[in-house]
Amino acid sequence: MEFTIDLAKYKQHYLEFIDNRKTLIISSTYEHGEPFVSYAPFVKKDGKLYIYISRIADHYRLIEHSTCLHVMLLADESESPNLFGLERVRLRCVPRYIGNEGSDSIFELFEERHSAKLMNVLRGLDFSLFELTPGQGRYVVGFGKAFDVDLDGNLFTQTVADKKK
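In terms of the working numbering, the sequence shown opens at residue 1 and continues consecutively.
Across the chosen pairs, the derived CB separations fall in these ranges:
| no. | residue 1 | residue 2 | range |
| --- | --- | --- | --- |
| 1 | Ser-105 | Leu-15 | 16 to 22 Å |
| 2 | Asp-58 | Ala-8 | 39 to 45 Å |
| 3 | Pro-81 | Asp-6 | 17 to 23 Å |
| 4 | Thr-23 | Gln-136 | 20 to 26 Å |
| 5 | Arg-55 | Lys-22 | 20 to 26 Å |
| 6 | Arg-138 | Asp-6 | 14 to 20 Å |
Lysine-lysine pairs mimicking DSBU-like chemistry, simulated, CA-CA at most 35 Å apart:
| no. | residue 1 | residue 2 |
| --- | --- | --- |
| 7 | Lys-145 | Lys-11 |
| 8 | Lys-48 | Lys-117 |
| 9 | Lys-145 | Lys-45 |
| 10 | Lys-9 | Lys-45 |
| 11 | Lys-11 | Lys-22 |
| 12 | Lys-44 | Lys-22 |
| 13 | Lys-44 | Lys-145 |
| 14 | Lys-11 | Lys-48 |
Read the hints as simulated data drawn from the structure, not as lab findings.
Idealized CB from N, CA, C, for every residue including glycine.
Using the sequences plus the hints, can you model the full thing?
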């Protein structure tokens with residue numbers, strides 16, 4: 001039995017899902033290849049993600065020296081009817097250190113989304129901005145509902161498993 005899926009509906013839901021997330025999980029690696037996972041608040045602008053992290057955080061150095069990492073955005077577990085099919089998106093990203101100068105529009109987004117008062121405190125500390133340029137990823141919204149995506153939804157195709165393998 002084959003069923004069709006309303007791609008436009010799921011694409012719209014995907015875009016809303018991205019816009020409603022405030023944090024992302026970061027998967028990076030140490031120089032010797034050991035995986036490392038962390039998280040950070042983020043903002044999105046012009047097809048890119050931005051994180052603002054402390055120099056003393058373990059992931060700062062790993063991200064600073066990385067040419068590729070993955071990020072994941074997750075739905076709230078308490079709102080998921082099935083944790084095996086938890087709504088999520090994973091994106092491959094190229095990180096780039098951008099510092100803090102000339103990024104007023106990015107800081108304005110952080111202030112709107114994460115509190116101007118908090119950002120004023122953080123800007124006086126050892127935090128720096130990183131730009132994450134997303135490539136292709138995968139959006140999962142339940143069993144049989146997985147899509148190859150890019151951040152802005154320009155790529156949005158359903159992934160179908162070959163059950164004969």
